[in-house]
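Protein chains: 4
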Amino acid sequence: MSQMERYTVTIQKDLLRRFDTLIAARGYTNRSEAIRDLIRDSLVTEEWARKGEKVAATVTLVYDHHTPDLGDRLTDVQHHHAGLVTASTHVHLDNDNCLEVAILRGESSKVKHLAEKMIALRGIKHGKIVHTTEGRGLE
Amino acid sequence: MSQMERYTVTIQKDLLRRFDTLIAARGYTNRSEAIRDLIRDSLVTEEWARKGEKVAATVTLVYDHHTPDLGDRLTDVQHHHAGLVTASTHVHLDNDNCLEVAILRGESSKVKHLAEKMIALRGIKHGKIVHTTEGRGLE
Amino acid sequence: MSQMERYTVTIQKDLLRRFDTLIAARGYTNRSEAIRDLIRDSLVTEEWARKGEKVAATVTLVYDHHTPDLGDRLTDVQHHHAGLVTASTHVHLDNDNCLEVAILRGESSKVKHLAEKMIALRGIKHGKIVHTTEGRGLE
Amino acid sequence: MSQMERYTVTIQKDLLRRFDTLIAARGYTNRSEAIRDLIRDSLVTEEWARKGEKVAATVTLVYDHHTPDLGDRLTDVQHHHAGLVTASTHVHLDNDNCLEVAILRGESSKVKHLAEKMIALRGIKHGKIVHTTEGRGLE
Numbered sequence: 002m003s004q005m006e007r008y009t010v011t012i013q014k015d016l017l018r019r020f021d022t023l024i025a026a027r028g029y030t031n032r033s034e035a036i037r038d039l040i041r042d043s044l045v046t047e048e049w050a051r052k053g054e055k056v057a058a059t060v061t062l063v064y065d066h067h068t069p070d071l072g073d074r075l076t077d078v079q080h081h082h083a084g085l086v087t088a089s090t091h092v093h094l095d096n097d098n099c100l101e102v103a104i105l106r107g108e109s110s111k112v113k114h115l116a117e118k119m120i121a122l123r124g125i126k127h128g129k130i131v132h133t134t135e136g137r138g139l140e
Numbered sequence: 002m003s004q005m006e007r008y009t010v011t012i013q014k015d016l017l018r019r020f021d022t023l024i025a026a027r028g029y030t031n032r033s034e035a036i037r038d039l040i041r042d043s044l045v046t047e048e049w050a051r052k053g054e055k056v057a058a059t060v061t062l063v064y065d066h067h068t069p070d071l072g073d074r075l076t077d078v079q080h081h082h083a084g085l086v087t088a089s090t091h092v093h094l095d096n097d098n099c100l101e102v103a104i105l106r107g108e109s110s111k112v113k114h115l116a117e118k119m120i121a122l123r124g125i126k127h128g129k130i131v132h133t134t135e136g137r138g139l140e
Numbered sequence: 002m003s004q005m006e007r008y009t010v011t012i013q014k015d016l017l018r019r020f021d022t023l024i025a026a027r028g029y030t031n032r033s034e035a036i037r038d039l040i041r042d043s044l045v046t047e048e049w050a051r052k053g054e055k056v057a058a059t060v061t062l063v064y065d066h067h068t069p070d071l072g073d074r075l076t077d078v079q080h081h082h083a084g085l086v087t088a089s090t091h092v093h094l095d096n097d098n099c100l101e102v103a104i105l106r107g108e109s110s111k112v113k114h115l116a117e118k119m120i121a122l123r124g125i126k127h128g129k130i131v132h133t134t135e136g137r138g139l140e
Numbered sequence: 002m003s004q005m006e007r008y009t010v011t012i013q014k015d016l017l018r019r020f021d022t023l024i025a026a027r028g029y030t031n032r033s034e035a036i037r038d039l040i041r042d043s044l045v046t047e048e049w050a051r052k053g054e055k056v057a058a059t060v061t062l063v064y065d066h067h068t069p070d071l072g073d074r075l076t077d078v079q080h081h082h083a084g085l086v087t088a089s090t091h092v093h094l095d096n097d098n099c100l101e102v103a104i105l106r107g108e109s110s111k112v113k114h115l116a117e118k119m120i121a122l123r124g125i126k127h128g129k130i131v132h133t134t135e136g137r138g139l140e
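Chains as they are written, first to last, in the working numbering: chain G, 2 to 140; chain A, 2 to 140; chain X, 2 to 140; chain C, 2 to 140.
FYI, nobody ran anything at the bench for these hints, they're computed from the structure. Predicted model only: the values in this text are computed from it and were never measured. Positions of the beta carbon are idealized from the N, C-alpha and C atoms, including for glycine. Check the hints yourself; a few may be wrong.
Derived lysine to aspartate or glutamate pairs resembling EDC-like cross-links, with alpha carbons at most 20 Å apart [as the list claims (entries may be wrong)]: (1) G:LYS55 / A:ASP95; (2) G:LYS118 / A:GLU34; (3) A:LYS55 / G:ASP65; (4) G:LYS14 / C:ASP65; (5) G:LYS14 / X:ASP15; (6) A:LYS14 / C:ASP42; (7) G:LYS55 / G:GLU135; (8) G:LYS55 / X:ASP15; (9) C:LYS118 / G:GLU47; (10) C:LYS14 / A:GLU34; (11) X:LYS113 / A:ASP42.
Restraint ranges, calculated between C-beta atoms of paired labels, are given here [unchecked claim]: (12) A:VAL78 / C:THR9: 47 to 53 Å; (13) C:ARG137 / A:LYS52: 40 to 46 Å; (14) A:ALA83 / G:THR46: 31 to 37 Å; (15) X:THR46 / C:ARG137: 54 to 60 Å; (16) G:THR46 / X:THR30: 19 to 25 Å.
Covered stretches of chain X, going by a simulated chain G footprint (3 or more residues, C-beta under 8 Å) [stated by the list, open to error]: (17) 17–29; (18) 56–64; (19) 67–73; (20) 120–131.
Please build the complete structure, drawing on both the sequences and the hints.
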């Protein structure tokens, strides 16, 4: 783990008070942690903007499992991008609807491309990608 | 499944051509499907804006599993919101870093609140929520 | 202006170094200012989530000024929401295309509603709202 | 203006009904127009993702005009990026706070860079960029 450093932020009293109220409502017990989270979130956004960076992502898909062939096509598209899908989890929402979330890792443009292809499959009702990180350098 | 309907959209030739190029690059093989996806995405956004709506979500978390007590605190916060977490999947990114994705279901404001609390936990490096749907009425 | 306060953030050396690189690239000369901007941005997002809050916004519209009646309809919709539009600026992009940006102030749900109506007008090619603030309590 | 084309979308009855309700609430009187807006919005997002594309943007800034030198620094940064700022409008929100919105045009990465620099200036309380378009090819 990286060494800790302490530094001083100058900030207006009222601004700090409003921030403290906001982060308490979100469940933070520690102001430094809330600020580190804001910092890390800017860094992850930046990581995805750089070409060739190795990243992690999740893709959330909601679909009707009765859609003909959808299961096969989902498997196919993942196999055509072998090595990008680390794991996936499937839950039954009701008799018709499923939610599946896949965890992807790899070069950012390849990960984006695979996620777009999964979301584009006929029968997927809703799909969203989360851009996240492999965590290195963010301790 | 809901009955199909056909309707006619009037659109500029050039606009349609540019859209066809864009969706082909994303992997769509069918223009109607691409348009239905745009429509469904607006509906899901709207679903989350209404109070009291029952929704589904995923929360993606990246953290260092050496952080003292983080595992316990993650379990605790989920137990204090019993019934909201349907499943969760955990993968090891490297010796230090884990990615965990939890599938949540429930009333939208409760789901948001639990997700914020998980993301706020000390030791979570990056957290993001995906607002999705239980899929009813989106066939 | 609110009184200044100094407080200490504890943070990992490497994380701080990466943040310093990022903010330098964005033109920040001062780390406290970058952190205050992250804090203020979370507060503005929260302001818009609360009902009944008085906010400011801008709506950016791109359109073809040859579209029949569009100018009149734009004026009409603004008059039906008298008091919300503070100013608007219009530039000619080329022979056909205009960009107009309107500055709105008022209760957040009314401002959103007016912006949606402007964006929905036939002939508007692209429209986007920016949620911002009247600035009080954000010094 | 580009020639119009008519094409048929196949869609589920229920989905279409929900979409009609949503767009009516937003002020659309015409379903084709709502769908064209969804299509154009995807195209503008894509335009900004391509390198070297010529785009338009607006930057909304809220600040306290008592901040020493801020006016000068705002002018300076705009002059160092001559040719990118087409117009700007300034309104007084109250005794202290101003809202300024600048209209930018140019190559997307330069426009982004200038907007980031403006937002990073000390004394700017809140800043947001809107990625929009010069409108060509979006009729």
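Hints and how they fare:
no., hint, result
1, G:LYS55 / A:ASP95, "13 Å, holds"
2, G:LYS118 / A:GLU34, "13 Å, holds"
3, A:LYS55 / G:ASP65, "18 Å, holds"
4, G:LYS14 / C:ASP65, "16 Å, holds"
5, G:LYS14 / X:ASP15, "28 Å, violated"
6, A:LYS14 / C:ASP42, "17 Å, holds"
7, G:LYS55 / G:GLU135, "8 Å, holds"
8, G:LYS55 / X:ASP15, "18 Å, holds"
9, C:LYS118 / G:GLU47, "16 Å, holds"
10, C:LYS14 / A:GLU34, "14 Å, holds"
11, X:LYS113 / A:ASP42, "19 Å, holds"
12, A:VAL78 / C:THR9: 47 to 53 Å, "50 Å, holds"
13, C:ARG137 / A:LYS52: 40 to 46 Å, "42 Å, holds"
14, A:ALA83 / G:THR46: 31 to 37 Å, "33 Å, holds"
15, X:THR46 / C:ARG137: 54 to 60 Å, "33 Å, violated"
16, G:THR46 / X:THR30: 19 to 25 Å, "21 Å, holds"
17, 17–29, "holds (count 4)"
18, 56–64, "violated (count 0)"
19, 67–73, "violated (count 0)"
20, 120–131, "violated (count 0)"
Taken one by one, the earlier hints fail for this structure at numbers 5, 15, 18, 19 and 20, listed in ascending order.
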